[in-house]
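There are 2 protein chains.
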Amino acid sequence: MYLEKISEPKDINKLSNDELKVLASEIRDALMNRLSKHGGHFGPNFGMVETIIALHYVFNSPVDKIVYDVSHQSYPHKMLTGRKDAYLYEEHFEDVSGYTNSEESEHDFFNVGHTSTSISLASGLVKARDLKGDKENIIAVIGDGSLSGGEALEGLNFASELQSNFIIIVNDNDMSIAENHGGLYKNLKELRDSKGTCPCNLFKAMNLDYIYVEDGNDLETLIHTFYDIKDIDHPIVVHINTQKGKGYQIAEENKENWHWCMPFDVETGKPKVTFEGEDYGNLTADYLLDKMKKDSKVVTLVAGVPTNIGFTKDKRERAGKQFVDVGIAEEHAIAMASGIAKNGGKPVFATHSSFIQRTYDQLSQDLCVNNNPATILVNTASVYGMNDVTHLGLYDIAMMSNIPNLVYLAPTSKEEYFAMLDWSIEQDKYPVAIRIPCNGVISDNRKVQNDYSNLNKYKIEKQGSKVAIVALGDFYQLGEQIVSEIKEKLGFVPTLINPRYITGLDKNLLEELKKEHEIVITLEDGILEGGFGEKIASFYGTTNMKVKNYGIKKSFPDRYVVDELLKENGITIDKIIEDIKEIIDIK
Amino acid sequence: MYLEKISEPKDINKLSNDELKVLASEIRDALMNRLSKHGGHFGPNFGMVETIIALHYVFNSPVDKIVYDVSHQSYPHKMLTGRKDAYLYEEHFEDVSGYTNSEESEHDFFNVGHTSTSISLASGLVKARDLKGDKENIIAVIGDGSLSGGEALEGLNFASELQSNFIIIVNDNDMSIAENHGGLYKNLKELRDSKGTCPCNLFKAMNLDYIYVEDGNDLETLIHTFYDIKDIDHPIVVHINTQKGKGYQIAEENKENWHWCMPFDVETGKPKVTFEGEDYGNLTADYLLDKMKKDSKVVTLVAGVPTNIGFTKDKRERAGKQFVDVGIAEEHAIAMASGIAKNGGKPVFATHSSFIQRTYDQLSQDLCVNNNPATILVNTASVYGMNDVTHLGLYDIAMMSNIPNLVYLAPTSKEEYFAMLDWSIEQDKYPVAIRIPCNGVISDNRKVQNDYSNLNKYKIEKQGSKVAIVALGDFYQLGEQIVSEIKEKLGFVPTLINPRYITGLDKNLLEELKKEHEIVITLEDGILEGGFGEKIASFYGTTNMKVKNYGIKKSFPDRYVVDELLKENGITIDKIIEDIKEIIDIK
Chain U
1 MYLEKISEPK DINKLSNDEL KVLASEIRDA LMNRLSKHGG HFGPNFGMVE TIIALHYVFN
61 SPVDKIVYDV SHQSYPHKML TGRKDAYLYE EHFEDVSGYT NSEESEHDFF NVGHTSTSIS
121 LASGLVKARD LKGDKENIIA VIGDGSLSGG EALEGLNFAS ELQSNFIIIV NDNDMSIAEN
181 HGGLYKNLKE LRDSKGTCPC NLFKAMNLDY IYVEDGNDLE TLIHTFYDIK DIDHPIVVHI
241 NTQKGKGYQI AEENKENWHW CMPFDVETGK PKVTFEGEDY GNLTADYLLD KMKKDSKVVT
301 LVAGVPTNIG FTKDKRERAG KQFVDVGIAE EHAIAMASGI AKNGGKPVFA THSSFIQRTY
361 DQLSQDLCVN NNPATILVNT ASVYGMNDVT HLGLYDIAMM SNIPNLVYLA PTSKEEYFAM
421 LDWSIEQDKY PVAIRIPCNG VISDNRKVQN DYSNLNKYKI EKQGSKVAIV ALGDFYQLGE
481 QIVSEIKEKL GFVPTLINPR YITGLDKNLL EELKKEHEIV ITLEDGILEG GFGEKIASFY
541 GTTNMKVKNY GIKKSFPDRY VVDELLKENG ITIDKIIEDI KEIIDIK
Chain A
1 MYLEKISEPK DINKLSNDEL KVLASEIRDA LMNRLSKHGG HFGPNFGMVE TIIALHYVFN
61 SPVDKIVYDV SHQSYPHKML TGRKDAYLYE EHFEDVSGYT NSEESEHDFF NVGHTSTSIS
121 LASGLVKARD LKGDKENIIA VIGDGSLSGG EALEGLNFAS ELQSNFIIIV NDNDMSIAEN
181 HGGLYKNLKE LRDSKGTCPC NLFKAMNLDY IYVEDGNDLE TLIHTFYDIK DIDHPIVVHI
241 NTQKGKGYQI AEENKENWHW CMPFDVETGK PKVTFEGEDY GNLTADYLLD KMKKDSKVVT
301 LVAGVPTNIG FTKDKRERAG KQFVDVGIAE EHAIAMASGI AKNGGKPVFA THSSFIQRTY
361 DQLSQDLCVN NNPATILVNT ASVYGMNDVT HLGLYDIAMM SNIPNLVYLA PTSKEEYFAM
421 LDWSIEQDKY PVAIRIPCNG VISDNRKVQN DYSNLNKYKI EKQGSKVAIV ALGDFYQLGE
481 QIVSEIKEKL GFVPTLINPR YITGLDKNLL EELKKEHEIV ITLEDGILEG GFGEKIASFY
541 GTTNMKVKNY GIKKSFPDRY VVDELLKENG ITIDKIIEDI KEIIDIK
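Line by line, the protein sequences are chains U and A. Just so it is clear: in the first sequence, position 173 is 173 by this note's numbering, and no numbers are missing. Just so it is clear: in the second sequence, position 34 is 34 by this note's numbering, and no numbers are missing.
Heads up, a few of these hints could be off.
No distinction is drawn between identical chains; accordingly, a pair holds when it is met within one copy or between any pair of copies.
Using 20 Å as the maximum straight-line C-alpha spacing, the simulated PhoX-like pairs for lysine-lysine come out as follows [stated by the list, open to error]:
no., residue 1, residue 2
1, Lys-294, Lys-132
2, Lys-575, Lys-466
3, Lys-466, Lys-514
These aren't lab readings, by the way, just hints derived from the structure by calculation.
Can you make the complete structure from the sequences, with help from the hints?
So this is what it looks like as structure tokens:
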């Protein structure tokens with residue numbers, strides 16, 4: 001096996017063209033080995049095998065610097081830069097992250113997991129190189145799907161100003177995560193259809209030099225192309241037509257489902273793990289489909305990740321014009337939702353907590369300054385969400401809840417989530433965001449109300465004394481457990497509060513607590529800093545009430561184990577009860 | 001005067017072509033009247049007089065809906081929609097804001113003060129119209145300068161998906177606030193030079209229909225053009241070539257200086273108000289020019305607002321390749337700064353607090369996850385900054401200080417600011433942001449240190465007892481005043497602390513305070529929620545220390561008077577001392 005002998009990129013230069021082709025095949029086998037057992041990004045990696053071999057064959061990494069957008073195509077790069085074992089041998093799977101990672105290798109320049117960043121990041125490398133008078137090649141790799149993102153378009157527009165070596169590889173597999181959306185994709189098609197010769201050319205309109213590679217899975221062509229442009233003295237776009245999922249027929253035929261995969265059976269492509277029971281994705285899609293059927297003014301928006309709320313292809317088709325995928329363009333999505341709400345529509349936009357980060361200014365200016373009644377669903381916003389450092393769902397409370405006018409809700413059960421969602425869609429006074437629960441679909445017997453227009457009214461779920469536990473969203477169930485444990489071990493019943501509203505204090509209720517309570521405990525599923533609990537600490541700052549806030553310490557944990565992270569942050573039932581005993585006098 | 005008789009748009013339809021030309025001239029006179037006495041956005045308004053008359057002549061506002069980007073060109077629109085008095089008569093100047101404002105008029109659909117939003121906002125109006133089955137025209141107006149912003153490019157890319165009436169007016173005056181930057185401006189020039197006929201066309205590459213209007217200050221042409229496309233059944237870009245500052249020779253000849261103006265003498269164009277003494281803009285530019293001269297790796301970046309740190313044209317030229325204006329593209333700027341730092345450069349990016357809001361995700365992912373040592377200067381981050389609701393500098397602490405890895409510094413004097421800036425540029429461990437002081441250039445005799453690498457070490461500026469005042473950044477001087485007042489009126493000396501670091505707690509110092517203090521007061525120049533003081537309240541939550549946080553309540557104040565806003569928020573020396581007396585026992 002050639003791959004086993006490659007410990008750094010220059011090792012591939014010893015191989016003949018035919019041997020390189022075998023190497024490509026071995027890389028696909030290694031991808032298949034890891035992905036079928038471990039899961040990960042499938043389609044983009046299979047499509048980019050030849051391009052990445054050719055890049056490392058022609059360029060001299062890490063002196064020449066390659067920056068991968070979103071990292072969905074970086075696995076072959078990892079294999080050629082000393083990390084092959086993580087793809088060949090199961091015992092080494094955990095040696096690497098799913099993204100480029102500068103702590104893993106000197107060949108990785110950034111930790112990247114968000115789309116649309118590579119051109120801008122690489123343009124910084126270019127500028128620094130030029131200031132230092134160095135001469136290496138700087139290469140940004142970006143997929144067609146990522147091009148619709150604002151940061152990528154800003155970078156593309158700026159690139160021509162650099163006037164020195166800068167190679168932008170556009171990996172065009174005619175797909176985003178799902179299908180592409182936006183006018184530029186018509187131009188990419190025209191370019192593919194005309195083999196790069198059509199006169200109207202997005203990249204040239206950005207004042208960039210341009211070449212087209214028709215068969216982006218042909219190694220020799222790619223190697224020749226890269227030799228031609230190596231050491232070029234100005235920015236150039238190399239538009240490469242690749243096939244997503246190349247080499248695995250099942251993936252070639254169903255590109256959307258094979259963008260990313262769970263462990264699967266190689267013969268059939270069937271996932272080895274299946275989820276039983278309900279999940280909020282499907283539940284949300286089904287609720288919205290029903291809602292949209294009944295009300296033609298309701299419209300669901302996503303930004304490139306339709307299945308984050310269960311909108312698989314069939315459900316998108318059923319929703320018709322009431323479903324809008326804006327492509328990877330979160331900023332546009334929030335502004336568009338504001339506009340829809342302004343003109344009497346009822347928009348619901350959903351994305352992951354990590355991606356809503358793209359939209360602070362749009363939430364603030366386009367939506368909340370204008371106070372338009374759009375609904376924003378924030379998904380995987382939890383310590384129980386994605387655990388890669390680039391995809392954490394721990395920051396949305398701090399980011400969003402301090403934006404004026406926004407009503408940010410934290411449901412604690414399935415019934416409460418749908419009641420809040422329905423209220424939000426029907427009301428016309430506030431921009432509302434809802435944190436979709438992420439600790440399983442929990443259906444309990446607690447009554448929920450239908451109307452949330454009496455803002456910042458917390459709910460006492462259990463009246464007790466001495467200790468009040470304010471348990472927000474996903475940590476409500478933890479609050480319930482603490483209540484049981486205190487009752488059992490300490491012999492009294494504490495008060496359990498479901499605050500429901502992240503964006504405001506129920507001052508009357510908090511005042512009232514002073515009568516029978518000595519300490520207020522806050523529990524929140526996100527970072528503490530800038531979050532919910534600190535506001536309660538501030539509220540009680542001049543009183544005798546003790547307050548202890550629980551949440552995750554501001555940090556960027558990477559690939560953490562939930563229980564360990566919670567323990568490190570003192571969020572265990574035992575620790576919390578111990579803390580309470582230390583702070584107040586338990587008789 | 002025709003203008004005096006116009007109380008709604010349909011009144012202009014009674015005028016003949018010649019009378020409309022007189023109206024245009026009257027609008028310019030009214031602009032001159034207001035702007036020479038009051039100041040405001042000059043160039044874009046003078047250039048767009050004819051376009052806006054023609055829009056209101058042809059379309060039926062507010063049924064047909066016009067959305068203005070950034071609002072820099074919206075004054076003629078305001079005059080034609082019932083608000084002419086605010087331009088004709090000094091006593092009515094305060095009746096209107098400087099931006100479109102939905103509370104002012106049904107002809108304004110959004111409060112807009114940030115660039116690059118109109119296409120996305122208007123596309124929401126389009127979508128809602130289509131869902132409701134309505135038929136009105138929806139028109140987005142955007143300037144060439146705004147086109148480089150990510151949100152605008154996302155919107156432009158998405159627009160073609162709408163497949164129904166949507167008119168995008170590109171007001172091309174070949175200028176941003178300063179000169180344009182980016183490849184697309186070469187394409188706009190090609191389009192202007194070829195009268196819209198060159199085959200490579202950015203808008204067509206986004207799959208949009210396109211027409212060009214060569215003389216964008218010719219009323220008849222504009223009226224005919226708009227009649228031609230009224231009720232069009234698909235999205236179209238109308239590319240209009242206008243002259244920035246049209247009608248005032250001094251402004252035509254010096255477009256950058258006349259983007260925006262202070263009150264001025266109409267004869268000479270000289271400003272009536274001149275600032276004496278130092279300002280942080282010039283000081284920062286001069287410091288950076290000197291720094292760049294000594295070190296070729298230092299590079300200054302701005303995003304469309306070069307003079308926010310004093311980089312006037314001559315200073316930009318002196319800085320040469322070490323000065324980069326990325327155009328309106330804040331996201332790109334942060335990512336590029338991260339890349340520069342990664343490759344050994346020393347980047348300093350500066351923008352306003354209100355515009356840094358564009359970059360939450362880039363700060364988090366591109367910069368801080370990667371922990372690259374870039375310097376970010378945050379300007380007008382203060383209650384003393386801009387006071388329009390769309391330009392407030394009150395939110396950056398809440399937005400930025402909760403991002404892991406970022407070191408956010410709050411200098412309290414000129415010496416401290418430059419010491420921090422110099423340290424930040426020279427260190428290579430942390431992404432650092434600095435809040436440029438905004439309460440005047442204050443030079444005092446306090447010693448400052450040169451090294452800030454011992455993170456989160458607060459400085460006791462005055463040791464006292466009972467009351468500890470933690471006075472952050474611009475509110476440090478308020479802290480000093482409170483100290484004097486307490487000393488004088490209550491007869492004891494409180495402790496005064498300059499925390500310097502916004503992003504962390506000095507736990508040792510806070511512990512130490514417990515010995516001789518009963519209350520900690522925090523003062524911060526921004527919203528309280530998610531800010532600095534709440535963290536201190538949380539720190540002391542389980543102790544007997546009382547904490548009172550002072551700052552601005554989360555809200556969107558508009559055109560406020562500083563002293564009134566401070567008073568409303570309880571931030572006066574008298575009120576604070578009164579509070580202290582209520583909370584603790586003063587012997």
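Up to 20 Å CA-CA - Lys-514 versus Lys-466, copy category: within (9 Å within a copy, 25 Å between copies)
Copy assignment of Lys-294 with Lys-132, given that the CA separation must stay at most 20 Å: Between. Shortest inter-copy distance 13 Å satisfies the 20 Å Cα cut-off; intra-copy 63 Å does not.
Copy assignment of Lys-575 with Lys-466, given that the CA separation must stay at most 20 Å: Only inside one copy: Lys-575 and Lys-466 sit 18 Å apart there, 33 Å across copies, limit 20 Å.
Every hint, counting from the list given before, is met by this structure.
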